[in-house]
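One letter stands for each residue in the lines below.
Number of protein chains: 2
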Amino acid sequence: MEAAVPHRNSLKLRRLGIDTYQHHVVFMRSDCHICRSEGFSVQSRVQVRLGAKTIIATVNVVHSDLFARGEGSLSESAWRALGAHEGDEMLLSHAAPVESLSHLRGKVYGKPLDDASMLEIVRDITAGRYSDLHLSAFITACAGNHLDLDETVALTRAMVAVGERLSWDEAQIMDKHCVGGLPGNRTTPIVVAIVAAFGLTIPKTSSRAITSPAGTADTMETLAPVNLDARAMRRVVEREGGCIVWGGGAGLSPADDALVRVERPLELDSEGQLVASVLSKKAAAGSTHVVVDMPVGPTAKVRSSAAAEFLCGRFEATGRALGLSVRVIVTDGIQPVGRGIGPALEARDVLAVLRGEAGAPPDLRERALLLAGHVLELSARVPAGIGQKEATAILEDGRAWRKFEAICEAQGGMREPGRASNTDWICATRAGCVMAIDNRRLARAAKLAGAPKASAAGVEFLAPIGTLVEEGQPLFVLHAEAHGELHYALDYVNNQPDIVAIGEPR
Amino acid sequence: MEAAVPHRNSLKLRRLGIDTYQHHVVFMRSDCHICRSEGFSVQSRVQVRLGAKTIIATVNVVHSDLFARGEGSLSESAWRALGAHEGDEMLLSHAAPVESLSHLRGKVYGKPLDDASMLEIVRDITAGRYSDLHLSAFITACAGNHLDLDETVALTRAMVAVGERLSWDEAQIMDKHCVGGLPGNRTTPIVVAIVAAFGLTIPKTSSRAITSPAGTADTMETLAPVNLDARAMRRVVEREGGCIVWGGGAGLSPADDALVRVERPLELDSEGQLVASVLSKKAAAGSTHVVVDMPVGPTAKVRSSAAAEFLCGRFEATGRALGLSVRVIVTDGIQPVGRGIGPALEARDVLAVLRGEAGAPPDLRERALLLAGHVLELSARVPAGIGQKEATAILEDGRAWRKFEAICEAQGGMREPGRASNTDWICATRAGCVMAIDNRRLARAAKLAGAPKASAAGVEFLAPIGTLVEEGQPLFVLHAEAHGELHYALDYVNNQPDIVAIGEPR
Numbered sequence: 092m093e094a095a096v097p098h099r100n101s102l103k104l105r106r107l108g109i110d111t112y113q114h115h116v117v118f119m120r121s122d123c124h125i126c127r128s129e130g131f132s133v134q135s136r137v138q139v140r141l142g143a144k145t146i147i148a149t150v151n152v153v154h155s156d157l158f159a160r161g162e163g164s165l166s167e168s169a170w171r172a173l174g175a176h177e178g179d180e181m182l183l184s185h186a187a188p189v190e191s192l193s194h195l196r197g198k199v200y201g202k203p204l205d206d207a208s209m210l211e212i213v214r215d216i217t218a219g220r221y222s223d224l225h226l227s228a229f230i231t232a233c234a235g236n237h238l239d240l241d242e243t244v245a246l247t248r249a250m251v252a253v254g255e256r257l258s259w260d261e262a263q264i265m266d267k268h269c270v271g272g273l274p275g276n277r278t279t280p281i282v283v284a285i286v287a288a289f290g291l292t293i294p295k296t297s298s299r300a301i302t303s304p305a306g307t308a309d310t311m312e313t314l315a316p317v318n319l320d321a322r323a324m325r326r327v328v329e330r331e332g333g334c335i336v337w338g339g340g341a342g343l344s345p346a347d348d349a350l351v352r353v354e355r356p357l358e359l360d361s362e363g364q365l366v367a368s369v370l371s372k373k374a375a376a377g378s379t380h381v382v383v384d385m386p387v388g389p390t391a392k393v394r395s396s397a398a399a400e401f402l403c404g405r406f407e408a409t410g411r412a413l414g415l416s417v418r419v420i421v422t423d424g425i426q427p428v429g430r431g432i433g434p435a436l437e438a439r440d441v442l443a444v445l446r447g448e449a450g451a452p453p454d455l456r457e458r459a460l461l462l463a464g465h466v467l468e469l470s471a472r473v474p475a476g477i478g479q480k481e482a483t484a485i486l487e488d489g490r491a492w493r494k495f496e497a498i499c500e501a502q503g504g505m506r507e508p509g510r511a512s513n514t515d516w517i518c519a520t521r522a523g524c525v526m527a528i529d530n531r532r533l534a535r536a537a538k539l540a541g542a543p544k545a546s547a548a549g550v551e552f553l554a555p556i557g558t559l560v561e562e563g564q565p566l567f568v569l570h571a572e573a574h575g576e577l578h579y580a581l582d583y584v585n586n587q588p589d590i591v592a593i594g595e596p597r
Numbered sequence: 092m093e094a095a096v097p098h099r100n101s102l103k104l105r106r107l108g109i110d111t112y113q114h115h116v117v118f119m120r121s122d123c124h125i126c127r128s129e130g131f132s133v134q135s136r137v138q139v140r141l142g143a144k145t146i147i148a149t150v151n152v153v154h155s156d157l158f159a160r161g162e163g164s165l166s167e168s169a170w171r172a173l174g175a176h177e178g179d180e181m182l183l184s185h186a187a188p189v190e191s192l193s194h195l196r197g198k199v200y201g202k203p204l205d206d207a208s209m210l211e212i213v214r215d216i217t218a219g220r221y222s223d224l225h226l227s228a229f230i231t232a233c234a235g236n237h238l239d240l241d242e243t244v245a246l247t248r249a250m251v252a253v254g255e256r257l258s259w260d261e262a263q264i265m266d267k268h269c270v271g272g273l274p275g276n277r278t279t280p281i282v283v284a285i286v287a288a289f290g291l292t293i294p295k296t297s298s299r300a301i302t303s304p305a306g307t308a309d310t311m312e313t314l315a316p317v318n319l320d321a322r323a324m325r326r327v328v329e330r331e332g333g334c335i336v337w338g339g340g341a342g343l344s345p346a347d348d349a350l351v352r353v354e355r356p357l358e359l360d361s362e363g364q365l366v367a368s369v370l371s372k373k374a375a376a377g378s379t380h381v382v383v384d385m386p387v388g389p390t391a392k393v394r395s396s397a398a399a400e401f402l403c404g405r406f407e408a409t410g411r412a413l414g415l416s417v418r419v420i421v422t423d424g425i426q427p428v429g430r431g432i433g434p435a436l437e438a439r440d441v442l443a444v445l446r447g448e449a450g451a452p453p454d455l456r457e458r459a460l461l462l463a464g465h466v467l468e469l470s471a472r473v474p475a476g477i478g479q480k481e482a483t484a485i486l487e488d489g490r491a492w493r494k495f496e497a498i499c500e501a502q503g504g505m506r507e508p509g510r511a512s513n514t515d516w517i518c519a520t521r522a523g524c525v526m527a528i529d530n531r532r533l534a535r536a537a538k539l540a541g542a543p544k545a546s547a548a549g550v551e552f553l554a555p556i557g558t559l560v561e562e563g564q565p566l567f568v569l570h571a572e573a574h575g576e577l578h579y580a581l582d583y584v585n586n587q588p589d590i591v592a593i594g595e596p597r
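Chains G and R supply the protein sequences, listed in that same order. The numbering used here numbers the first residue of the first sequence as 92 and each following residue consecutively. The numbering used here numbers the first residue of the second sequence as 92 and each following residue consecutively.
Bound conformation, chain G alone (with noise of 0.2 angstroms):
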């Protein structure tokens, strides 16, 4: 429902120049006269109109003389999204009040969410009705296994049919995803390359990270641009075959990169909503067929294997009512993958593996030889038991590295991943045998060097389990852009003493 209330209250914009995040918020004056007349006052929710565009934001008074009486201001969000000029008249009304949090509310109170319901949660939500509180709550309310199969489905339609959805000439669009929770598991880039060389289609939309040092998308951003629109994204993959880029920005499912804004602070996941976010992307890009890697371990996000099953079937059975053929590959996941952590970091992982260097990592190598395999099965344009092999082949004759340096070319432009200014070192307290490796505190530790938002910070990691190591002999080595996001991390590792363990070799 839209207000029908006149809104005749306009204030001149002057640009304050305040950066709030993704939060819109007006500010105006404690002595205005919209305020006076409307009963405005700090954290009301407006509608700012400018033009044809529209936003809600929440109300902050100022209380001095930043502007003048008959002016006001926005956050750079609400600045930015509602295309304004210094000096525009915007023009202020009450929010409609916003009808689906009723319906979250019943969702809180135990009433499950029905496809109609969540619709409307989810168009609210796209269209910036809700706010960070309402957003927090309704991540509060779906988190750990609170939505069921009919509502996962509903959340999954929804957040499709609120976005873009792209459409392909060819009748198979391959796809994978890796649920993550493993630091370094940076496998995509490998597998879309070998998938794309073997002449399949897989437009491989890819997140940000959300509670981990690194999302596939900014790994990807240190090697090419990834912020490409549906336009863009399309031309790359009629050229190439595929590409890598990130999905908000080729407007898919857009309702996940608001709840994935709020989910990051709070590190809260979702067992539905995880699903959702990830089968809405594939759905909406068009995709036809899914391999998802699950990595299982106990301080992975998957933690066991009774969960891992229990995920697997809400994938498949929610591909299924979708129209996706979804394949679920368990995979081990007890330790990092690879060296780096963090997103430049991984990127010289993967540049190692595709160009078959001495050094590349080789745990980082099998598990995308296997996933690419299963990609090609998938296809059924390989036989069964085959497509391992035949990824390998591609890989190791330079076919994958071609595609991979074409698919950069293509969205931009290749380039080199930074390296931090900062360092140091974390040593073995002891000598023995690496015995178990803490994969949650050391992606906090990655964070707290200042990964994902410095690109070239995080971890690299030294010392798989089974490793003998000589007291002194290094662990990790901290990478930081920052000095003091360095001792921070430092701080914190020096007060976590086990997140490598160390034992008695067996």
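By construction, these hints were calculated from the structure, which means they are not laboratory data. Zero decoy hints are in this set.
Each computed DSS-like pair below joins lysine-lysine, with the alpha-carbon atoms no more than 30 angstroms apart:
#1 G:Lys103 - R:Lys544
#2 R:Lys103 - G:Lys544
#3 R:Lys144 - R:Lys103
#4 G:Lys202 - R:Lys202
#5 G:Lys144 - G:Lys103
Listed next, with one range per pair, are the computed distances between beta-carbon atoms:
#6 R:Ala218 - G:Arg355: 19 to 27 angstroms
#7 R:Gly174 - G:Arg326: 52 to 60 angstroms
#8 R:Gln263 - G:Arg355: 51 to 59 angstroms
#9 G:Ser193 - R:Arg493: 41 to 49 angstroms
#10 G:Gly476 - R:Ala398: 53 to 61 angstroms
#11 G:Ser193 - R:Asp156: 39 to 47 angstroms
Facing chain R, according to a computed beta carbon distance under 7 angstroms, are these residues of chain G, among others:
#12 Gly108
#13 Ile109
#14 Thr111
#15 Tyr112
#16 Val152
#17 Val153
#18 Tyr200
#19 Asp223
#20 Leu224
#21 Ala228
#22 Ala234
#23 Pro356
#24 Leu357
None of the values given here were measured: they were computed from a predicted structure. Think of the CB as a built atom: it goes at the ideal place given N, C-alpha and C, for glycine as much as any other residue.
Guided by the hints, dock chain R onto chain G, whose structure is given.
Structure of chain R alone, referenced to chain G:
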């Protein structure tokens, strides 16, 4: 854990006067050396120190010349919390990770909160370490009936533990509370006046509205100051035997105020938090005997007798665990009480009853006498069955009114509630008999008209169930301080024709 990071990063304070409500924000230039060296960016949570005081704040980055290099600013709430002055040097460092968030995450994933975890969470909330997103997640995770009895007791104890605690010389300290949800049910000032006039001690702390158009503190504030600290409150009680003050001003259960601030825009209620909120304030205020008024009706906060029974059990069991004698009185909650809905309008009803005016709302009077009678009986100074008769005598002979005047004077002086300048009638569209009232939508209309922030705003309700009305006869009157709010409430009411349902007389 406090961060052991050196914080030699200082910025000179420049006051911008930006009011972000109680959400602490620190404003820093995007080219600030601290941002760069510490890796701060938008949405970072940082520790701000000024002298001996520290707070946690969220970073907003400024991309303009609002202030010079080497300067920074704070939102008004942060400015006040630190007692800042123009030109002071604030020290910035990374906020230590908030460890109790792992307990919150555990709860979201289904793990109950034990005493220690709950205390850590409540302590962090009180210290301002939770962002609004975290508070919203905590409220959502506890909403509905998601807290069991042990968790409810743990939350109540934790909320008592982190705040001030009053103690009194008297062995018996009486109290009453209404769980709310019934517009206009403003018995507290009358009950306190009667009980104090009888000679018992009743130091009443009340809350402001959470999801309703008025809390008792909002209503009382239109009659006398309510923002008293613990010392001022004690003076009033020692002199008059009773008071009616805002609980937040006395520092009792400060966590509750932080939660209420975020609950309000979410409009989420929680049984466990309701019990903890009420009983923590009672325990902290030193109360020993508490009568709880629980209105039950299809559109009240408690909707069924099953829900009421459950909540009664929770109140009494939690009370026992805290050493309180709690008696819950289930009352009729099918329609508003009295005529006023909104702070000043309800205050007028209270005055009419206390003054014994001919037109005083009889339903409000009856309820107040019922509850006052139970308080007198719970003290055991009046035999069972005689309480209401005793209360009636105290009201009728003017002792209650004189006591109320004396309490108002002691709290800082009695005043007249304001009158709204904009009103409009809502009239019956047909003749018939009033069959039902939608309390929730009626309360919503009062809120849209500006209540409780605009104290004179709200609804004057003229048509209780059973009233025979002609077409065109007024059913209720909207009162608003601002023209825009009146229109907004009218707009809502015009789209909700069944707020007062009219049918054939039986």
